[in-house]
Every structure is written in structure tokens, then in C-alpha cells.
Amino acid sequence: MDAVLEIDLPNRCAVVQPGLINLWLTTAVSDRGYFFAPDPSSQMVSSIGGNVSTNAGGPHCLKYGVTTNHVLGLEMVTGAGELVRIGGKAAERPGYDLTGTVVGSEGTFGLVTAITVRLLHTPEAVKTALATFASMTEASEAVSEIIASGIVPAALEMLDAAIISAINASIGKIYPDAADAVLLIELDGPRAEVEAQAERVATICRRHGAVSVTVAADEMERALLWKGRKEAAGAVGRLTSSYLLQDAVVPRSKLPQIMREMKAIAARHRVVIANVFHAGDGNLHPLICYDDRSAEELERAKQANEELLGACIALGGSVTGEHGVGLDKAKNLPLQYGEADLNFMFRLRRVFDPAGLMNPDKLLPSHPACGEGFRPKRPVLPAGAWI
Amino acid sequence: MAAVTPDIDDLRLCVHCGICLPQCPTYRVLGEEMDSPRGRLYLMRAAAEGRLGFTETFARHLDLCLGCRACETACPAGVPFGSLLEATRSQLAERGPRPRAALLCRLLRGMFTEPRRLGVMLGGLRLYQRSGLRHLVRATRVLALAPRLAAMEALLPDVPSAPALPELIPAQGRRRLGRAGLLTGCIQRHLFPDVNRDTARLLSLAGYDVVVPRDQGCCGALELHAGFLDDFRDRARSLIATFPVDLDVIVVNAAGCGLAMKEYGRWMPGEAVVAAFAEKIRDVTEVLVDAELPLGPLDLTATYHDACHLAHGQRIRAEPRRLLGRIPDLRLVPLTESDLCCGSAGVYNLLEPEVADRLLSMKIDRIAETGAAAVVTGNPGCLLQIAKGCQERGLGIEVVHPVTLLARATRRAVK
Ligand code: SF4
Ligand code: SF4
Numbered sequence: 197m198d199a200v201l202e203i204d205l206p207n208r209c210a211v212v213q214p215g216l217i218n219l220w221l222t223t224a225v226s227d228r229g230y231f232f233a234p235d236p237s238s239q240m241v242s243s244i245g246g247n248v249s250t251n252a253g254g255p256h257c258l259k260y261g262v263t264t265n266h267v268l269g270l271e272m273v274t275g276a277g278e279l280v281r282i283g284g285k286a287a288e289r290p291g292y293d294l295t296g297t298v299v300g301s302e303g304t305f306g307l308v309t310a311i312t313v314r315l316l317h318t319p320e321a322v323k324t325a326l327a328t329f330a331s332m333t334e335a336s337e338a339v340s341e342i343i344a345s346g347i348v349p350a351a352l353e354m355l356d357a358a359i360i361s362a363i364n365a366s367i368g369k370i371y372p373d374a375a376d377a378v379l380l381i382e383l384d385g386p387r388a389e390v391e392a393q394a395e396r397v398a399t400i401c402r403r404h405g406a407v408s409v410t411v412a413a414d415e416m417e418r419a420l421l422w423k424g425r426k427e428a429a430g431a432v433g434r435l436t437s438s439y440l441l442q443d444a445v446v447p448r449s450k451l452p453q454i455m456r457e458m459k460a461i462a463a464r465h466r467v468v469i470a471n472v473f474h475a476g477d478g479n480l481h482p483l484i485c486y487d488d489r490s491a492e493e494l495e496r497a498k499q500a501n502e503e504l505l506g507a508c509i510a511l512g513g514s515v516t517g518e519h520g521v522g523l524d525k526a527k528n529l530p531l532q533y534g535e536a537d538l539n540f541m542f543r544l545r546r547v548f549d550p551a552g553l554m555n556p557d558k559l560l561p562s563h564p565a566c567g568e569g570f571r572p573k574r575p576v577l578p579a580g581a582w583i
Numbered sequence: 168m169a170a171v172t173p174d175i176d177d178l179r180l181c182v183h184c185g186i187c188l189p190q191c192p193t194y195r196v197l198g199e200e201m202d203s204p205r206g207r208l209y210l211m212r213a214a215a216e217g218r219l220g221f222t223e224t225f226a227r228h229l230d231l232c233l234g235c236r237a238c239e240t241a242c243p244a245g246v247p248f249g250s251l252l253e254a255t256r257s258q259l260a261e262r263g264p265r266p267r268a269a270l271l272c273r274l275l276r277g278m279f280t281e282p283r284r285l286g287v288m289l290g291g292l293r294l295y296q297r298s299g300l301r302h303l304v305r306a307t308r309v310l311a312l313a314p315r316l317a318a319m320e321a322l323l324p325d326v327p328s329a330p331a332l333p334e335l336i337p338a339q340g341r342r343r344l345g346r347a348g349l350l351t352g353c354i355q356r357h358l359f360p361d362v363n364r365d366t367a368r369l370l371s372l373a374g375y376d377v378v379v380p381r382d383q384g385c386c387g388a389l390e391l392h393a394g395f396l397d398d399f400r401d402r403a404r405s406l407i408a409t410f411p412v413d414l415d416v417i418v419v420n421a422a423g424c425g426l427a428m429k430e431y432g433r434w435m436p437g438e439a440v441v442a443a444f445a446e447k448i449r450d451v452t453e454v455l456v457d458a459e460l461p462l463g464p465l466d467l468t469a470t471y472h473d474a475c476h477l478a479h480g481q482r483i484r485a486e487p488r489r490l491l492g493r494i495p496d497l498r499l500v501p502l503t504e505s506d507l508c509c510g511s512a513g514v515y516n517l518l519e520p521e522v523a524d525r526l527l528s529m530k531i532d533r534i535a536e537t538g539a540a541a542v543v544t545g546n547p548g549c550l551l552q553i554a555k556g557c558q559e560r561g562l563g564i565e566v567v568h569p570v571t572l573l574a575r576a577t578r579r580a581v582k
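If you read the sequences in order, they're chains A and B.
Here the first sequence is numbered in the numbering used here, starting from 197 and rising by one per residue.
Here the second sequence is numbered in the numbering used here, starting from 168 and rising by one per residue.
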């Protein structure tokens, strides 16, 4: 199930099977000047089916939107065993937007067997800059101002000192060693616009204390900067044997604050928290490191994790940005949704999958009595966290 | 004790990120987590920590691994997969179930790694080829009954007869770069004697005195891959003993042998002679890349396939390409996924012909796309495997070692 079924450039779309690796689609169309925009960091590994299932984001979703913005149609076998076609190549369709409903449903509605995706034109120019900061707070402030200034970078990624050292140990010194934080800023579009924006971004970064701002000189340098970013989750193996990977979101403007809180949480629980994330849309990816041979350390990591989630929600954020809910975060959904909301989603799920066969126990927290809907037990939150 | 325990700290380097998965040929073909690097590391760690026995199933997933090390290239955490695999296989060889293919494995090792025995066998084979028996055997499809033997039969090229190289080939011209030892190898010596002759010729043209110890044996790589560490060490030590100690470099033209020899020290720690020997090992393309060579034009479109044990094992990718690029008129066209295993992997194609054939078929598809008239690759196993694939598809593509083209170009040079 990993074939490209059709490439339809006049209609700027392609039909693929769910097992196709994300990057392979772009590889298949790049020589004709097109690309598939959703680019989760795992894009060289993850399948488009998986991206659809979790509504994956990625560095470039800041400008281009997440997976759902690029899925035009689906073929799916529902939990009831019906083969249905949802959406399609035509932009305007009558009826419900079921595509948007199914994308991100984590396999709880049915099995997706084919996906029609949008392809975009490769932009005329791309510029990738690397700004180095002496602190995460300064870098976060620069992020807020870049976005506030009206510039929409194609990507805006932040990496902290721990991640920088892991990546440098892994693929060679590609980021400045001494930095406390770096921002990877990518601008794309018409050449003149990109040039002008690059100037403005550099100025903003310097105003917020950037120690240096450099621009990748050619495609090779640019690819290297991105290689480091995209392999970060593996490079962390140089720091730790195991980590809990978080995916919480905070409003962009709260970045400096959550960074300070995170520091405090890490200190309180004596864990290393490495950070590499989509700063542009406030989607954090803290990697909470622990030694998998120590149950006690795992326990501390888990506590730090829960506390961090609570802090993000308290700032008006979300428990997950793009990694999906799965089993692990289902219990956290009541932090974000009320009882009526959860019950509504539960009933929707039953429309697609009446017998509860598809990925049971995932996505929605399990309910106490079968068929009774959801009666949440509110988790205990730090004081003042509930909004 | 023959077996070595895999280093638990090395096993713990894996953080299960999955970046290696799409680079793994067996995962690409079989699509099973247990047949991916991450899955195999997980199993190896479970076994090393005593949570999993050396069962048939465990052995099977490790048997299916090509040992191509593409996962090492891909892994950002720096997991040394190759040595972990080899250590685990040594434990399996000692305590695990008899591998299903153990008998064949023994037979092959006996044959391939014993240059003289291979010679005798090939003598018989030449007779078999000439006698027309080969056509008869193929026509009656007797071999189809024994797929493993069929795989082996299909691999054998038309074997040229091989006069031995002289023990010393002096440097030509005025330059003197030093004394270079040459490993003649077991497969290379008998199936591709021209590659050894061309290697020696190029080295002497470049300014090396080439020393070819007559009674050198096998490097032991096949035994290392199968986990027979004692036999491997014996072979390594006797090979080392046949090479004079005053050599400046020891040149290898087979990627698999070169990698095993560069890593001798890991399996025989604390032996100074071994370490000194391993230090001197170079692939032929490393030695020649900047050498002065009189190269004449070759009007040819060629593409380059990265042998796993060169690209992933020794991180040698640029040198062979640069060398080929120096041949006037030769057009080197890129090969998509040039570093995806062709399925040869030592004797893997004999032990696991189904997986090997699927990889070969993918490789030949990519080769055919390039439109090249020649495929160049630096390992005898790949040469055999790819030649078989091209032949089966009826593609008239020449499959050659880089030194073959270089030597051909030197013959075209204006004197
Ligand atoms: S050595 Fe090759 S076949 Fe084995 S796990 Fe690594 S990539 Fe896969
Ligand atoms: S890339 Fe490395 S760390 Fe990641 S799963 Fe593979 S072996 Fe493990």
C-alpha cells in the first residue's frame, strides 16, 4: 500500500496509498516543480497515511497549514465495513466536510485506503537563516516580534543548547556550539519579497540580542541546516537512552513565559529537558530525558511531563499539536474539553464505527460504562491552571 | 570463548526514532518492524538483558539482516549496528538454534574462504561450462528444485583462467610513493583475476612497489558475519602473518574484505600487530584518488552503485566517483538510491534468495532508468549479483569494478 496511484499536475493533486513515505511524494514530483507541503520532522520515515491519521504538522505548517489543509479526498473502509469516498479533486463540493472530520481521527473511524492530496508549486526563492541567541527568552521574544510584524516565515524553528550539542555530536558542527538557543528561519516566495523579508527578520533578531545571524549560502548549506533539525529526535540518543516526547502547544505570545516555567520544572524534578520545536506556532517538543534503567527517574520524568502539560493548558494551550492523542494523551483530553464536547465526539465516532472495532481506547478517554458516553474524572491540576 | 557480548551501552544508544527504517533494505522489502534496524536492536537488547532467549524466531530476524549497515549511515544517535550484529551473531553461533542454513553456510565458508579449494572447484566449473552441461542443467530445470543451489549457479560468471600475479611488481616511472601490499582475496582472485591484475598495474603506475604475498589466505569476513569469531580470528592472524611488516599501505579492492580488515582491532583488542596491520588498510580508490595516472579517453556513459561496505561501512563515496570523473569523455550519470543494497551481501544471496532477488530487482529497475552502458561498483559480490540481474533482464549493460575502467583508460593514454 505504498504506491503513488496518480499524479495529476493540471489539477495540482496526486492520489497515493497510505503507506507511501511522506518525503517520497515530494521526491516524485520535485523535478516538475511541485511539492507536498506537510513536512513533519519524521517526513523521511512517516507515511502519508499516518500523517492523515494524526493530522500531522511540521516546520512548514506555519505558512502552509497542517495535513488537513492538503487533503482533498479519501477512500475509506469504515468500521461498519462500508467502502466510502469522501471529498475529491474538485474544490467545491456539496454536503458535509467529512474529509476534515476524518483527518486526525487516528484510525478510529475506519481504514483509509487512498488519499487525494494537494500539490503546491515550488516557490521561486527560498532563504534559510540561522540566528544565534544567548538565551531562550530572547529567542522567544524575537519569534513573537517576527510574527507580529506581519511576516509569515515558511518555517520558524527553535533549538536549545542541549539539542544543539546532540546534533553537532551527531552530524558535525552545523550550529554554533556556545549558543543557548538558535532560531532556524526559512522564508520563501517571490525573490524580491524574500530578500526584503530576510533583511527585516535579521534586524528583528539583532534587536532582541541575536549574537549572529547567518544565511545559508547555497542549497547544500540549507539542506545541512535542515538535516540537523529533522534528525534531532534521533540525535538526542547522544544525550540519553530514553525520553518522553511532548507535543503541547501554547499561544505564541506565551513562549517566553513557558520557557521560564519549563526551566523551573526541569530543576524541580532534576531532569534534563531538551527543546526543539516549531516556535512559529507555539508547538513545543520538549524531550524529557531519563535513564530507562531507573524506575525512579522515569517517575520523575513523568511528573515533569504532567506538570508541563498543565502549565501549557494554563497558558491557554493544547495537550497536543500534531503528534496525535493515541493512548498516552487520551487521559489528558478532559483538561481541554468539557464533558458535552467529549460525549459529542464519542457519538460521532460511533457513527463511523458502531461496534467500536477501530483503534479502541485511542484518542478519546475510555468511558466507565459501555455505551454510556463519557463521564470524566477531572485530573488534579496545579492551582490556577484551569481556564 | 568465541562469543562476544554486545556492548549494552551501545545498544542503549538507540532511542527508537525510526529514522533508519526507510533506509533498511529488509524493512523496505518485508515491512516488518522486527526486520528493521530498530526492531533488531530492540531484540538484541532484550536478549542481551536476558529478557529474551536465543530462540528460533530471534535468530530468524537476525539471519534476515543483510549486515549492509545502511542503518549506521542513517542513525543520528550513532548506534554502531554492524558490530552489535556481529557480536550477537557470535552468541547465536554458540548458543542459538542451528541456523537453518547452517550446513550450506559451512559448505560455502569451506569453499569461498579457502582460496585453493575454491580454485579446484572453479577448475571443475570451467569444465562444466565448456562441456555444455550448464545448458543441460538449466534446460532441465533440475536446479529449480534446490533454490539455494540455483541461486549459486546463477551467480557464476564465465570464469577466466587465472595466472597468479608475481610477488613483487615494481613501481613504474620515477615517482616512488612507497610499498603497497595487495590483498588478492578469495572470490576476487578466482572470479575476477583481472581486477587484481588491474589494481596492481594501477598502483605500480601511480608509483607503488606492489607486494603480493603468494600464500595469503582469506580475510575471514564471511566468518565474522556468520558469527564464527574463532575461525575469523584464526584467518585474520594468519593473513596478517603473510604480509611483510614494512608495507606503507595494504590495498584492498573488495569492499567487504576492506571493512572487515579495517575493523580487525575491534575483535582482537590489545594485539599491537593486529592494530598496526588494520591501520594500513585502504580501499584501492582511497589510494588512487589523487594519484597521477595517465588516463586516456573512454567514450562511455556509466553509473556508480555504492557497495554497502564501502559507502556505509567505510564511508567511501566520493573517491570512486572522483576517480571515474577523471577519465576523459566518460559521462557519470547518477543512480537513484545508489546506496541501497543490491542483495548480494556476502553469501546472503545464497542463503536468502527471495529477499535478495527482490532487492536485486529494485536495483536493476533503477539501473535501467539511467540509460548507462556500464554499472561500476567496488565489490565482487555486487559485481556478481548485478551482472546476474542485468543478464536475466537481457540488458546489455557491462558491470565492472572501477579499476577495470581506470586500467582501460590508461591503455588508451597517449604515451
Ligand atoms: S544492516 Fe542493513 S539490513 Fe541489517 S538492519 Fe541495518 S539497514 Fe537493515
Ligand atoms: S536511527 Fe538510530 S536511534 Fe533511531 S531508531 Fe534507528 S538505530 Fe535507533
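Source of the hints: derived by calculation from the structure; they are not laboratory data.
Just so it is clear, CB atoms sit at the ideal spot from N, CA and C, and this is done for glycine as well.
Please note that a few of the clues may not be correct.
Said to hold, decoys possible - As a list, the in silico SDA-like pairs of lysine to any residue whose alpha-carbon atoms are at most 20 Å apart:
1. A:Lys423 / B:Pro380
2. A:Lys423 / B:Arg482
3. A:Lys423 / B:Asp506
4. A:Lys423 / B:Arg484
5. A:Lys369 / A:Thr410
Said to hold, decoys possible - Over the 12 Å line for every Cβ pair with chain A, so calculated as not near, a few chain B residues:
6. Thr224
7. Leu460
8. Arg498
9. Gln558
Unchecked claim - Covered stretches of chain B, going by a simulated chain A footprint (3 or more residues, C-beta under 8 Å):
10. 232–246
11. 369–383
Worksheet item: Which hints from the list above does the structure break, by number from lowest to highest?
Response: 1, 11
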